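J.: Spelled out, the chains give:
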Amino acid sequence: QQPVQSPQAVILREGEDAVINCSSSKALYSVHWYRQKHGEAPIFLMILLKGGEQKGHDKISASFNEKKQQSSLYLTASQLSYSGTYFCGTRGVTGGGNKLTFGTGTQLKVEL
Amino acid sequence: KAGVTQTPRYLIKTRGQQVTLSCSPISGHRSVSWYQQTPGQGLQFLFEYFSETQRNKGNFPGRFSGRQFSNSRSEMNVSTLELGDSALYLCASSLGTGGPYTEAFFGQGTRLTVV
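Chains X and Z are the protein sequences, given in the same order. Take the first sequence: its position 20, counted from the start at 1, is 23 in the working numbering, and no numbers get skipped. Take the second sequence: its position 38, counted from the start at 1, is 607 in the working numbering, and no numbers get skipped.
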């Protein structure tokens, strides 16, 4: 089942902060965050694992609440370059290899 | 290190035709996954190949098929194209077996338009 992302869209002024949420109804092994700019490939940002380990971008932080199967991506002091669509991809605890199930995305626009 | 290469970048086909898309993963990566991206459905998993074997398959009709070669390059084929197959098809390359730190790196995609 597809994870649910919120908000669907957000507009920020440069320097403002934003939080993007990702919720799943299934038990998760890991959550992967990507950003995609129009016409470009999704770019890997971060992985969060059960147990609290993280791997990813120095300037972006995220959390993973295992009890709620929720992840949040924190974008602080936003820059124009942060604009794009953010996707969370989830990997379940039972098999699945490298399969990721993606949310429908959050469109973020940063303005001057 | 070269990234994931997908060819062609753009394709226009007629309903009923078939199409083959190609993906060359990052050197050393043995897993290739395919996704369909549309405005309404987002990123939908098609299938994954690892060491020339299909390891996972999404909920797509049998018209969608794929294969992987010994050099890890992968192709996906869509037969009897329908208008609804118009989408961006993305290929993702991963190092191995889906362990905890296995990131997926995406190619630029192939934009398929069915008319």
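Take the hints with a grain of salt, since some may be wrong.
Stated by the list, open to error - DSBU-like, lysine-lysine: derived pairs with alpha carbons at most 35 angstroms apart:
no., chain 1, residue 1, chain 2, residue 2
1, X, Lys112, X, Lys71
2, Z, Lys626, X, Lys29
3, X, Lys53, X, Lys71
4, Z, Lys582, X, Lys112
5, X, Lys70, Z, Lys626
6, Z, Lys626, X, Lys53
7, Z, Lys626, Z, Lys582
8, X, Lys29, X, Lys62
9, Z, Lys582, X, Lys62
10, X, Lys71, Z, Lys626
11, Z, Lys626, X, Lys40
12, X, Lys29, X, Lys40
13, X, Lys40, X, Lys70
Treat the hints as calculated values from the structure; they're not laboratory data. Quantities reported herein were computed from a predicted structural model and do not represent experimental measurements.
J.: Compare the structure with each hint and give your call.
T.: Now the hints, each set against the structure:
In summary, the hint linking Lys112/X to Lys71/X is supported, as the alpha carbons are separated by about 28 angstroms, within the 35 angstroms threshold. Restraint check for Lys626/Z and Lys29/X: satisfied, since their Cα atoms lie roughly 18 angstroms apart, inside the 35 angstroms limit. A distance of roughly 12 angstroms separates the Cα atoms of Lys53/X and Lys71/X; the hinted pair therefore holds under the 35 angstroms criterion. Between the alpha carbons of Lys582/Z and Lys112/X the distance comes to roughly 34 angstroms, so the proposed pair stays at or under 35 angstroms and holds.
This hinted pair checks out: Lys70/X and Lys626/Z have alpha carbons roughly 28 angstroms apart, not beyond 35 angstroms. Distance restraint check for Lys626/Z and Lys53/X: the Cα-Cα separation of roughly 25 angstroms lies within the 35 angstroms cut-off, and the hinted pair is therefore satisfied. Annotation: proposed proximity of Lys626/Z to Lys582/Z holds, straight-line Cα distance about 25 angstroms (limit 35 angstroms). For a cut-off of 35 angstroms, the pair hint linking Lys29/X to Lys62/X stands: about 29 angstroms separates their Cα positions.
Distance restraint check for Lys582/Z and Lys62/X: the Cα-Cα separation of roughly 42 angstroms exceeds the 35 angstroms cut-off, and the hinted pair is therefore not satisfied. A C-alpha spacing of about 27 angstroms is found between Lys71/X and Lys626/Z, which places the hinted pair at or below 35 angstroms, so the restraint holds. Distance restraint check for Lys626/Z and Lys40/X: the Cα-Cα separation of roughly 27 angstroms lies within the 35 angstroms cut-off, and the hinted pair is therefore satisfied. For the suggested pair Lys29/X and Lys40/X, the alpha carbons sit about 28 angstroms apart, so the restraint of at most 35 angstroms is met.
Proposed proximity of Lys40/X and Lys70/X is supported: the alpha carbons are some 32 angstroms apart, at most 35 angstroms.
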